[in-house]
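Colleague: If you read the sequences in order, they're chains A and B.
Each residue of the first sequence is one higher than the one before, starting from 1 at the first, in my numbering.
Each residue of the second sequence is one higher than the one before, starting from 1001 at the first, in my numbering.
By construction, these hints were calculated from the structure, which means they are not laboratory data.
Beta carbons are placed, not taken as given, at the ideal position from N, Cα and C, and that holds for glycine.
Don't take each hint at face value.
[To be verified] Not close to chain B: a few residues of chain A, all C-beta gaps over 10 Å, as computed: (1) 95; (2) 105; (3) 139; (4) 161.
[To be verified] Now the in silico label distances, taken between C-beta atoms and shown as ranges: (5) B:1156 x A:44: 57 to 67 Å; (6) B:1158 x A:181: 43 to 53 Å; (7) B:1156 x A:189: 53 to 63 Å; (8) B:1157 x A:192: 40 to 50 Å; (9) B:1015 x A:161: 43 to 53 Å; (10) A:144 x B:1157: 53 to 63 Å; (11) A:34 x B:1156: 37 to 47 Å; (12) B:1305 x A:161: 33 to 43 Å; (13) B:1272 x A:41: 38 to 48 Å; (14) B:1158 x A:79: 29 to 39 Å; (15) A:192 x B:1077: 37 to 47 Å.
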Amino acid sequence: MGDSVSEDRERPTPERVLTFAARSQLLSADDVMRALRRMGHEIVERNHDPESISVVGLQTGGVGFANRIAQILFEITGSQISLGVLDVSFYRDDLSSNPAPPSALTRIDHDLTDRTVIVVDDVLFTGRTVRAALNALSDWGRPAAVELAVMVDRGHREFPIRPDFVGKNLPTARDEAIVANLDGVWIGSKEAR
Amino acid sequence: MIDSIRGCSLLTLNDMSCAAITEVLDTAESFVEVNRRAIKKVPALKGRVVASLFFEESTRTRLSFEAAAKRLSADVLSLAVASSSMKKGESLRDTIATIEALGIDAVVMRHKSSGAAAQVEGFVPNVRVINAGDGQHQHPTQGLLDAFTVRQVLAERLGVIGSETGSSLFEGLNVLIVGDIRHSRVARSDVAAYVALGASVRVAAPGTLLPVDIDAWPVSVVEDFDEAIEWADVVGLLRLQHERGTGSFVPSLGEFTFTHGLTWERARRLKSGALIMHPGPMNRGVEVDSRVADLDAAIINRQVENGVPIRMAVLYLCIVGAAKGEVQ
Chain A
1 MGDSVSEDRE
11 RPTPERVLTF
21 AARSQLLSAD
31 DVMRALRRMG
41 HEIVERNHDP
51 ESISVVGLQT
61 GGVGFANRIA
71 QILFEITGSQ
81 ISLGVLDVSF
91 YRDDLSSNPA
101 PPSALTRIDH
111 DLTDRTVIVV
121 DDVLFTGRTV
131 RAALNALSDW
141 GRPAAVELAV
151 MVDRGHREFP
161 IRPDFVGKNL
171 PTARDEAIVA
181 NLDGVWIGSK
191 EAR
Chain B
1001 MIDSIRGCSL
1011 LTLNDMSCAA
1021 ITEVLDTAES
1031 FVEVNRRAIK
1041 KVPALKGRVV
1051 ASLFFEESTR
1061 TRLSFEAAAK
1071 RLSADVLSLA
1081 VASSSMKKGE
1091 SLRDTIATIE
1101 ALGIDAVVMR
1111 HKSSGAAAQV
1121 EGFVPNVRVI
1131 NAGDGQHQHP
1141 TQGLLDAFTV
1151 RQVLAERLGV
1161 IGSETGSSLF
1171 EGLNVLIVGD
1181 IRHSRVARSD
1191 VAAYVALGAS
1201 VRVAAPGTLL
1211 PVDIDAWPVS
1221 VVEDFDEAIE
1231 WADVVGLLRL
1241 QHERGTGSFV
1251 PSLGEFTFTH
1261 GLTWERARRL
1271 KSGALIMHPG
1281 PMNRGVEVDS
1291 RVADLDAAII
1301 NRQVENGVPI
1311 RMAVLYLCIV
1321 GAAKGEVQ
């Protein structure tokens, strides 16, 4: 892994396997780490009570980032941060036209009522995943506030949703594809195999 | 071989590949989590309509199908057959046509005649038909939930989640199915599920309660239940079905219990860690000793509990997949 993109990164969808063909790497693993640290500080700056923060990563791309952000928040504040993972497949509004992704697990073991929930995802695009996540979260109580942290904001929103904490703003064309994980951020295209 | 039930009717587990069954079990795993939430409902099937047609009595299956549909936010129409126009002599075909005209997405159906669900599927090509038991033929969701329960319990012992294991826990697993194989749709679905997942399956029954086509089944027949009991990792018991005339196939219930009941003495000879299953409703004292049914090894309540997530998974895959298929 590391900085190399010699191999194609696969993001399988149930209908057809799309291969991600990377064109160029935009952030290295170090850049991603620096951005996460900055986001961690911004989160602490905005939320004074770390005890009331719950970090929720969206399956599957947001989980790695959420774990790292929770760890960074722990390093900054010294308090243990509640962590959860959420799979929004059952809440999507495009279940019928979009292939339902393979079901990943949801694990939120605490009531979110009166907590500040930081939703973490890898790439913010149309905003539909976040909308689904907002609906889903309401089933775990009534959070005091929900804030959104994403590694990459690539534009093209279809909902009035904006992120609170952004790793990198990245203007893209609609047909481009972005892959973001702890090893870096790549831009390229999706090709059906 | 069917590799996925997405967008399809679910009539039988025969011809299902390991991948198709594993997909249902993995999806059910997500729904187990939904059933543990304070708000046990997701909007996945909002605006879809599921009709439940039970032409034969049922407690568990009907309740869990309806609970499953409601937890997916589908609307449920349930036809009380006894007070429907079928009592006036309306045919099955006309009843189904009425239901189709109401614009439903899926029918969950139980009927006393084998093949009834397949016949209904032929009447209404645009409606997904989910077989909830047809005569002596199949009871697919029971087979799926039995396999799911076994996987869940074995995975728990390893400290992992079932979906992380795929079908690996079934390799080398010895499943013994005992009792009224002849009349049992559960046995047929169980055998199909376990065999597809890679378990080795044996059946034990008095000769009169073996089906005539048993040679064509992918199982071996055990003459002596007592011999096989030490071989089994899972013992699947079946209900003696009085309503299908089982009584006349055995000399007496006492003799059946003596040769093929899971008595206390037999249960003590089970491997340690072996699982005891029963699809319910149990005839305590006939196919299973009442004390045995209450052992920790008897995971009968787990089976009932898993009825809802498995049926949520089946409804979800059959119905949501449907629209996808049309788009493609």
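Colleague: If a hint holds in the structure, say so; if it doesn't, say that too.
Modeller: Results for each hint:
| no. | hint | in the structure |
| --- | --- | --- |
| 1 | 95 | violated (5 Å) |
| 2 | 105 | violated (6 Å) |
| 3 | 139 | violated (4 Å) |
| 4 | 161 | holds (18 Å) |
| 5 | B:1156 x A:44: 57 to 67 Å | violated (38 Å) |
| 6 | B:1158 x A:181: 43 to 53 Å | violated (28 Å) |
| 7 | B:1156 x A:189: 53 to 63 Å | violated (43 Å) |
| 8 | B:1157 x A:192: 40 to 50 Å | holds (42 Å) |
| 9 | B:1015 x A:161: 43 to 53 Å | holds (45 Å) |
| 10 | A:144 x B:1157: 53 to 63 Å | violated (40 Å) |
| 11 | A:34 x B:1156: 37 to 47 Å | holds (41 Å) |
| 12 | B:1305 x A:161: 33 to 43 Å | holds (38 Å) |
| 13 | B:1272 x A:41: 38 to 48 Å | violated (55 Å) |
| 14 | B:1158 x A:79: 29 to 39 Å | holds (33 Å) |
| 15 | A:192 x B:1077: 37 to 47 Å | holds (40 Å) |
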